[in-house]
Every structure is written in structure tokens, then in C-alpha cells.
Amino acid sequence: MFETFETNPSTRWTYFADTVMGGVSTGDATFERDATGSFVRLAGTVSTDKNGGFIQVRRTLTDRLTDTTKGVRLKVRGNGGTYYIHLRTKGTRLPWQYYQAQFTTSPDWTDVQLPFSAFKPSGSFLRKTPRADTVTSVAIVAFGRDHTALIEVSEVAWY
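When you line the sequence shown up against my numbering, it's residues 311 to 469, in that order.
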């Protein structure tokens, strides 16, 4: 297990929004606990005004994945919206470069499995599929359209 949001997750995960580039999306990432356990809640309003369109919470990897790692597994719930995982690699040097895979939430905790082959590059200068041993960070992202975001994640694992 990579993350269960149990012990001081705020020291490992960082929230930011499109305001870093002039956008107007608002929100926050809070670390919560209820009867089901610990989780991160990413909530806010995503706006595409002023070339914006995202809020996210990101964690930098301290250890490299092995080249046999096949993908990311999450335990999620939310408002029924579509959300994304963004991966950055050694090859995503510019701020707008990443690999993205989408999934849909429901009000109940659901397991989501995203193989690396499901991740698409943000531009034509990146490899078609990320290599596991080059992944440097993982982000939970509300992205790309005007909407109210609410997603909770209780587990992040590599498989």
C-alpha cells in the first residue's frame, strides 16, 4: 500500500489549483476520518475561466517504482463525477506535462484500477505510455470542465 492517509498525510500531499497560472478555480484538500477510516477529500469549484480548469492534490514519490509495476489502484467515493489521476515522470519537465487517466466516482467506496496503458500524455512530445520506473509523482485531479468537485480517496496503491 502506497497511501492510506492515516499518519500525517498533510506532510506528503500538497494542494494547488489553476490559480498558480492565473485561473480562478477554488477548493481545498482536507484529511478526514469517519467510521470507514481515513481519507483525503478534494472539494471545490473548477472553472475554465481565464484559461484555468483544475484543482488537485499531489504527492511526490520518495521511492522509485519497479519496472514490473502495472498501474495504480484507488479506493474512491464522490459525487458521481469524472476525475483523473495525473502522473508525472522524469520526462515531464514542463509544468503542463503529465500523463492522465480518468475514472468515475459514486457515493459508495469503489475500487478503481488504472493500468499504465490507460494513461494518456498531455502532449505530443511525451512517450505514448508512462514507464513505471520513471514515475515521480501522483495527483488526484478535478479537471477540464466547469463543475463542483467532490472526491474522497482512502487508498492509493501500485499493482
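Hints in this document: simulated from the structure, not taken from any laboratory.
Some hints here could point you the wrong way.
[What the hints assert, rightly or not] Restraint-style ranges between C-beta atoms, simulated for each label pair:
#1 423 <-> 360: 32 to 38 Å
#2 407 <-> 332: 16 to 22 Å
#3 316 <-> 420: 18 to 24 Å
[Unchecked claim] No farther apart than 20 Å at their CA atoms in a straight line, the calculated lysine to aspartate or glutamate pairs in the EDC-like style are these:
#4 430 <-> 377
#5 360 <-> 465
#6 380 <-> 456
#7 380 <-> 313
#8 430 <-> 418
#9 380 <-> 443
#10 385 <-> 421
#11 400 <-> 377
#12 385 <-> 456
#13 400 <-> 421
#14 400 <-> 443
#15 360 <-> 456
#16 360 <-> 316
#17 400 <-> 342
#18 438 <-> 373
#19 385 <-> 359
#20 438 <-> 377
#21 380 <-> 418
In this text the structure is predicted, and so the values were computed from the model without any measurement.
From the three backbone atoms N, C-alpha and C, an ideal C-beta is built for every residue, glycine too.
Results of checking the hints against the structure:
no.	hint	result
1	423 <-> 360: 32 to 38 Å	holds (35 Å)
2	407 <-> 332: 16 to 22 Å	holds (18 Å)
3	316 <-> 420: 18 to 24 Å	holds (20 Å)
4	430 <-> 377	holds (18 Å)
5	360 <-> 465	violated (33 Å)
6	380 <-> 456	violated (32 Å)
7	380 <-> 313	holds (17 Å)
8	430 <-> 418	violated (27 Å)
9	380 <-> 443	holds (10 Å)
10	385 <-> 421	holds (5 Å)
11	400 <-> 377	holds (14 Å)
12	385 <-> 456	violated (25 Å)
13	400 <-> 421	violated (28 Å)
14	400 <-> 443	holds (9 Å)
15	360 <-> 456	holds (12 Å)
16	360 <-> 316	violated (36 Å)
17	400 <-> 342	violated (31 Å)
18	438 <-> 373	violated (23 Å)
19	385 <-> 359	violated (31 Å)
20	438 <-> 377	holds (16 Å)
21	380 <-> 418	violated (25 Å)
In summary, the numbered hints that this structure violates are 5, 6, 8, 12, 13, 16, 17, 18, 19, 21.
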